[in-house]
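Chemist: These protein sequence lines are chains A and B, in that order.
Numbers 1 to 563, taken from this note's numbering, label the letters of the first sequence in order.
Numbers 1 to 453, taken from this note's numbering, label the letters of the second sequence in order.
Simulated from the structure, these hints should not be mistaken for laboratory data.
The C-beta atom is built at its ideal place from N, Cα and C for all residues, glycine as well.
Treat the hints loosely; a few may be bogus.
Here are the in silico distance ranges between beta carbons for each label pair [claimed, not checked]:
1) A:Val159 to B:Arg232: 17 to 25 angstroms
2) B:Phe199 to A:Glu256: 21 to 29 angstroms
3) B:Asp121 to A:Pro291: 45 to 53 angstroms
A few chain B residues facing chain A, derived, Cβ under 8 angstroms [claimed, not checked]:
4) Glu159
5) Asn181
6) Ser217
7) Asp237
8) Pro322
9) Gly326
10) Gln339
If you want the footprint, here are the derived chain B segments under chain A, 3+ residues with CB under 8 angstroms [claimed, not checked]:
11) 67-81
12) 221-233
13) 242-255
14) 365-371
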Amino acid sequence: MTHRTPWLLLFGLALACEGTIGDSTSRDRDPTPETPTDDDGDGIADVTVAAPATLRRLTQSQYRNSVRALTGIEVPEATALEPDTASNGFVSVGNARTTISARGVEQYEEAAYVVAAAMAATDPRDRIGCEVGSAGCLESFVRSFGRRAFRRPLTEAEVTRWRTVGEDAASTLGTASAGIEFVVAGMLQSPHFLFRAELGSGDSVDSDTVAEGARQFDDWEMASRIAFTVCDETPDDALLDAAAAGELTNERTLREHVERVVASDCARRSVRTLFDEVFGLAELAHVTKDPETYPLASSALGPALRDSLLDTVERWAFDEDRPYDEFFTARQAVLNPQVASVFATDPGYADVGAEGELVETAAARAGLLTHPATLARHSHAEASSPTLRGKFVRTSLLCQSVPAPPDDVGELPEPNAAAPTMRERLESHRTNPACASCHAFLDPIGLALEQFDGVGVFRETENGARIDPTGELDGVLYDDAAGLGRAVADHPDLMSCLVRNLYRTATGRIETLGEERTIALLTRDLERDRLLRTLLVELLMSEGFRVAEAPTAEEPTAEEGGE
Amino acid sequence: MRTSFSRRMFLRGAMAGSAVTLALPTFDLLLNENGDAFAQDGAPLPKRFGIFYWGNGVRPAQWNPPSTGVGYTLSPALQPLAPVRRWVSCVSGMNIRTGNERGHHAGTVGILSGAPMIPQDPRGAPYASTFSAPSLDQVIADRVAMGTPFRSLEIGISESVVRGEGSTLGYLSHNGPDDFNPPEYSPRALFDRVFGASFVAPDTDPVIDPRLRLRRSVLDAITEDAADLRRRLGAGDRRRLDQHLTGIRALEERIAALESMPERPSLASCARPTSPADEYGRDELVLRNQVMSEILAMAMACDQTRVFSNMFSGSVSGTRYPDTSGGHHGLTHDEPGDQPMVQAITVFIMECFADLLQALAAVPEGDGVLLDRCVILASSDTSDARAHTINDYPVLVAGGGGGALRTDVHYRSPSGENTSKILLSCIRAMGIEMGSFGRGGGEVSEACTEILV
Chain A
1 MTHRTPWLLL FGLALACEGT IGDSTSRDRD PTPETPTDDD GDGIADVTVA
51 APATLRRLTQ SQYRNSVRAL TGIEVPEATA LEPDTASNGF VSVGNARTTI
101 SARGVEQYEE AAYVVAAAMA ATDPRDRIGC EVGSAGCLES FVRSFGRRAF
151 RRPLTEAEVT RWRTVGEDAA STLGTASAGI EFVVAGMLQS PHFLFRAELG
201 SGDSVDSDTV AEGARQFDDW EMASRIAFTV CDETPDDALL DAAAAGELTN
251 ERTLREHVER VVASDCARRS VRTLFDEVFG LAELAHVTKD PETYPLASSA
301 LGPALRDSLL DTVERWAFDE DRPYDEFFTA RQAVLNPQVA SVFATDPGYA
351 DVGAEGELVE TAAARAGLLT HPATLARHSH AEASSPTLRG KFVRTSLLCQ
401 SVPAPPDDVG ELPEPNAAAP TMRERLESHR TNPACASCHA FLDPIGLALE
451 QFDGVGVFRE TENGARIDPT GELDGVLYDD AAGLGRAVAD HPDLMSCLVR
501 NLYRTATGRI ETLGEERTIA LLTRDLERDR LLRTLLVELL MSEGFRVAEA
551 PTAEEPTAEE GGE
Chain B
1 MRTSFSRRMF LRGAMAGSAV TLALPTFDLL LNENGDAFAQ DGAPLPKRFG
51 IFYWGNGVRP AQWNPPSTGV GYTLSPALQP LAPVRRWVSC VSGMNIRTGN
101 ERGHHAGTVG ILSGAPMIPQ DPRGAPYAST FSAPSLDQVI ADRVAMGTPF
151 RSLEIGISES VVRGEGSTLG YLSHNGPDDF NPPEYSPRAL FDRVFGASFV
201 APDTDPVIDP RLRLRRSVLD AITEDAADLR RRLGAGDRRR LDQHLTGIRA
251 LEERIAALES MPERPSLASC ARPTSPADEY GRDELVLRNQ VMSEILAMAM
301 ACDQTRVFSN MFSGSVSGTR YPDTSGGHHG LTHDEPGDQP MVQAITVFIM
351 ECFADLLQAL AAVPEGDGVL LDRCVILASS DTSDARAHTI NDYPVLVAGG
401 GGGALRTDVH YRSPSGENTS KILLSCIRAM GIEMGSFGRG GGEVSEACTE
451 ILV
């Protein structure tokens, strides 16, 4: 092993050591005059202030899933698409802020023609519902395909517009199927498809628990919200039929549909999306580990670790009905070759599982904090990082805030006889008062995970000295990583933070004070059985998820260059 | 330097170490008989603009040249530029005047747009910001793209980019706040985009393909869809949709140009290059930069675009460079002493910048080479990365600017002048008349005349 210079770890280790820490994000915000009151003192704000409706661009996975659902054709893996852009750590938040670049327009066009040509080349009669070329077939296709692509019935003007496109193509190219091809290619590029226009188009809300001025999402918008939140794709015909029948703005029928969708197979995607975002796993595709330090490092490692973690949570949530707190204590993981190679040196690990199987892990490895995907993601290229890992637990799992590191950071001592392991080398951070306030808050969490290196391989020693994994989390003492897992599982902020994270991915925004009522009510719901499926249903049913502050639909001014 | 270029350009593809050499047709066959810059029926050869940008600054003591004026002595960091020095000027001693509210972020926005950054609520991330104004490449593209198929081309080399701190760290080219032009990281994808099935050499006849008109009519229908949607949106979402519409119009114009083939300059050196390899390993920064530079050079030789940007590495990037023991950003803060590894990284990046200039210099055009008609701005997100300074900023201006730029000169400002003056110089060197440039503290009405002819 080459001796790695330790000072390069420092950036991740030095944090600003002033300011308040440890408050939940909501308490950081300045109270505004609109701050909802809590007159009955039950700890839950009395009213919801509806969040502004925002146009949301489909994520890459929503685009791919929706195209597949609409056409039966897979967008080729190699087809590049406008990149997902995270804001506040969430792609769903970023895509509610950004737009589509000129390059993105080209990419969506190319993808649309690839898919449309493939669809037209197959026998699409069952998708089209009529004999291509027969009288009225093109128009009926425009209506049915348009309803699914735009997630609402087309206006007559839109039917005419797209039928004309199809007729033009059919007559110009001399085949009826060309009409289908150009309608499909066109609708897949329309902003009605590429953006989710859930704008609060329903009735104005009349409720004691919602501040004035809010509007309901209408039935079609609810179909879209349900389908994208649960299945990560455009709504199917069953949901659209329910919308047409007015069943998604009615409390009783809405619950029936929500429960049906959450029970369906595609609901697994919601849990994958949530954990992908919260654990920051997409970055694993870009993380480069130093192959000299980590012989297991390869370009396949990161993506495989990500798959295993997501497979594991999917199994727990949907096949085992495991409560969320057990996600941090359960000694299980879904195997693939790369994960198995990390596990191979765990003491007492029985290598008996097959690929894709949920297997028992060694005693040292308990819960998602010790999953190699988590450990590798929250590490440096050539070393583990107690501070990055501690920060991940504080900010992402407990929704606590940690100040940014200062510009001028000190240096971490080289490993030496007196300070062989990270614990001793970090000692100055916890004794120097300028650093201690932050590092005492972060480092003990990460030090409990020091028995796992920068790719998650178990180790008992560092530089020949025994690693001491004991520590304390907000008053709870623990002996090792498994103990840390139990402390996280029992932490009072764990459930509300899961609610916040799901709310953020589902709504594409970071909640503000006006939305705290929804968060609090959902936390209460979740604490009953701690099941993700329950939380999904209750989120979609919650009043806060069904109302919006609609945009003021003023006429475009001349300056804005209205059409 | 690792590579010497001959008059023939090569596109190197490398898979598993085996280099594939794909020669272009010899220029002798392609050269115009009279070989001058103004063909009998063509428009004058255009000027081109580019940005080369890297993250994490420089070591100022090893960056700033020890002498000033024409034929200045290259500093240790600038040694790799020796073979192309006759095209390279250095401006030192100038300051970014748009504030330094946050290291890396402020410098990025200041040097690329001459305007202050917009801080954003970071929540989960350490910090977040976006641009308040378009970046220089887009300001110039507005005026020089003139219906070229690609208004601008964006490439990136290192994919180790900070993606969670807002658009400032994620992207170089911006149209405005939260509105950016993502780069292409794959040489193959860049090739396919420019020289793929839709490429038509400039001198060929218009294409008679009925599908082109149908594609435009589809885009018309989409534009009508967008107009319907727009009426239902608030002001912020309208701006986002309008930007999307700008892209749709650009595509429509590109298709229309294929159908009509408007008059183009004589482009004797234009030839469709051969497709590069599909994959470059993530450590193959040198190769990726060379191949993409060569594709960019030919894209400009064929007048497919007149503006490009190369985000060689992102701001705060933790890119691993050869023979170093850590990520770039971490090293700038943590490497003790004179930071030899950080300095070696700067030299490495300048080698790659030299490769870009070599690629542009390898394409004959008129009575000179393509680089003679280029204006290239090269800079970073900070001066001294360890301290996040924005004074004595590292800036190079390369290319002949069609005779508008003084080259091979080092101007050191005695008074900490505004770096926006350099940006305004680039604008004017491109032949664009603009009275002032920049916003807030970045606004200037005088150019840096020392680098202008």
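Chemist: Now tell me if each hint is right for this structure.
Modeler: Going down the list of hints, with the structure as the test:
Distance hint check for Val159 (chain A) and Arg232 (chain B): the Cβ-Cβ separation is about 19 angstroms, which falls inside the suggested range of 17 to 25 angstroms. For the pair Phe199 (chain B) and Glu256 (chain A), the beta carbons lie near 55 angstroms from each other, so the given range of 21 to 29 angstroms is not met. Separated by about 38 angstroms at the C-beta atoms, Asp121 (chain B) and Pro291 (chain A) break the suggested range of 45 to 53 angstroms. Annotation: interface hint on Glu159 (chain B) holds; nearest CB of chain A at approximately 6 angstroms, less than 8 angstroms.
The beta carbon of Asn181 (chain B) is positioned within 8 angstroms of a beta carbon in chain A (closest approach about 5 angstroms), and the interface hint is therefore held. For Ser217 (chain B), the shortest C-beta to C-beta distance to chain A is roughly 6 angstroms, which falls under 8 angstroms, so the interface hint holds. Because the smallest distance between the Cβ of Asp237 (chain B) and any Cβ of chain A comes to about 4 angstroms, under 8 angstroms, the interface hint for this residue holds. Residue-level restraint check for Pro322 (chain B) is violated (minimum Cβ-Cβ distance to chain A is 12 angstroms; threshold 8 angstroms).
For Gly326 (chain B), the interface hint holds, the least distance from its beta-carbon to any beta-carbon of chain A being 3 angstroms, beneath 8 angstroms. With a least beta-carbon distance of about 11 angstroms to chain A, the hint placing Gln339 (chain B) at the interface is violated under the 8 angstroms criterion. With 0 residues having a Cβ less than 8 angstroms from any Cβ of chain A, the segment 67-81 of chain B misses the three-residue criterion, and the hint is violated. Given a C-beta distance limit of less than 8 angstroms, the hint that chain A covers the segment 221-233 of chain B holds, as 12 residues qualify and 3 suffice.
Given a C-beta distance limit of less than 8 angstroms, the hint that chain A covers the segment 242-255 of chain B holds, as 8 residues qualify and 3 suffice. Using a Cβ-Cβ cut-off of 8 angstroms, 0 residues of the segment 365-371 of chain B lie near chain A, which falls short of the minimum of three, so the contact claim is violated.
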